[in-house]
Amino acid sequence: MGGSIDRGGKKVVLKTVECYDPKLNCWVRKRSLPRPLCHACVLEVNNYLFLLGGATQEEPGGDMVSSNVVYRYSRLSEVWTEFTEMITPRHDAGAVAVEVLDCETATWEEENEEEFRPVIGVACVLMPRL
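My numbering puts the first residue of the sequence shown at 3, with every later residue one more than the last.
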């Protein structure tokens, strides 16, 4: 999703979206992002894709600036919609959906508290279903 290429020594940010189709063994173009972005993070929640932050250019070939934009993609309608913006612009970040298991009640809760501290670097893990 998005990305950048070098054109004549200048970095150009893209809004192209491609999806790998394992049945066809090829990449398929999907609806483009509403604006060019690179270094964004993507998260799937409840059958929607969320694209958060990233970097963009105020003018083609210009300096990169962090973005606070959030877009939601519906696989059914294949439409990107603008979602609530993040408070702090960021790129090269990771995103996860956090749920908390209460072992005493054997129930899951969504975590809404601001318990996480910003760090440098990205690490995301996908745990297999057991």
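Worth flagging that the hints you see were computed from the coordinates, not collected in a lab. Where a beta carbon is used, it is the ideal one built from N, C-alpha and C, also for glycine. Misleading hints may appear alongside valid ones.
Here are the simulated SDA-like pairs of lysine to any residue, each with C-alpha atoms no more than 25 Å apart in a straight line [claimed, not checked]:
hint: 1; residue 1: K25; residue 2: G11
hint: 2; residue 1: K13; residue 2: R37
hint: 3; residue 1: K13; residue 2: D65
hint: 4; residue 1: K32; residue 2: E20
DEER-style ranges, computed between Cβ atoms [to be verified]:
hint: 5; residue 1: D65; residue 2: D104; range: 44 to 50 Å
hint: 6; residue 1: R9; residue 2: W29; range: 33 to 39 Å
hint: 7; residue 1: Y22; residue 2: R74; range: 42 to 48 Å
hint: 8; residue 1: E101; residue 2: S34; range: 20 to 26 Å
hint: 9; residue 1: C105; residue 2: W29; range: 41 to 47 Å
hint: 10; residue 1: N27; residue 2: E106; range: 18 to 24 Å
hint: 11; residue 1: G10; residue 2: V98; range: 37 to 43 Å
hint: 12; residue 1: V14; residue 2: D94; range: 34 to 40 Å
hint: 13; residue 1: D104; residue 2: R37; range: 24 to 30 Å
hint: 14; residue 1: G64; residue 2: E106; range: 25 to 31 Å
hint: 15; residue 1: R77; residue 2: A108; range: 30 to 36 Å
Status of each hint after checking the structure:
{"no.": "1", "hint": "K25 x G11", "result": "violated (37 Å)"}
{"no.": "2", "hint": "K13 x R37", "result": "holds (16 Å)"}
{"no.": "3", "hint": "K13 x D65", "result": "holds (9 Å)"}
{"no.": "4", "hint": "K32 x E20", "result": "holds (6 Å)"}
{"no.": "5", "hint": "D65 x D104: 44 to 50 Å", "result": "holds (47 Å)"}
{"no.": "6", "hint": "R9 x W29: 33 to 39 Å", "result": "violated (21 Å)"}
{"no.": "7", "hint": "Y22 x R74: 42 to 48 Å", "result": "violated (21 Å)"}
{"no.": "8", "hint": "E101 x S34: 20 to 26 Å", "result": "violated (32 Å)"}
{"no.": "9", "hint": "C105 x W29: 41 to 47 Å", "result": "holds (43 Å)"}
{"no.": "10", "hint": "N27 x E106: 18 to 24 Å", "result": "violated (48 Å)"}
{"no.": "11", "hint": "G10 x V98: 37 to 43 Å", "result": "holds (38 Å)"}
{"no.": "12", "hint": "V14 x D94: 34 to 40 Å", "result": "violated (18 Å)"}
{"no.": "13", "hint": "D104 x R37: 24 to 30 Å", "result": "violated (41 Å)"}
{"no.": "14", "hint": "G64 x E106: 25 to 31 Å", "result": "violated (54 Å)"}
{"no.": "15", "hint": "R77 x A108: 30 to 36 Å", "result": "holds (32 Å)"}
In the structure shown, a violation is registered for the earlier hints numbered 1, 6, 7, 8, 10, 12, 13 and 14, in ascending order.
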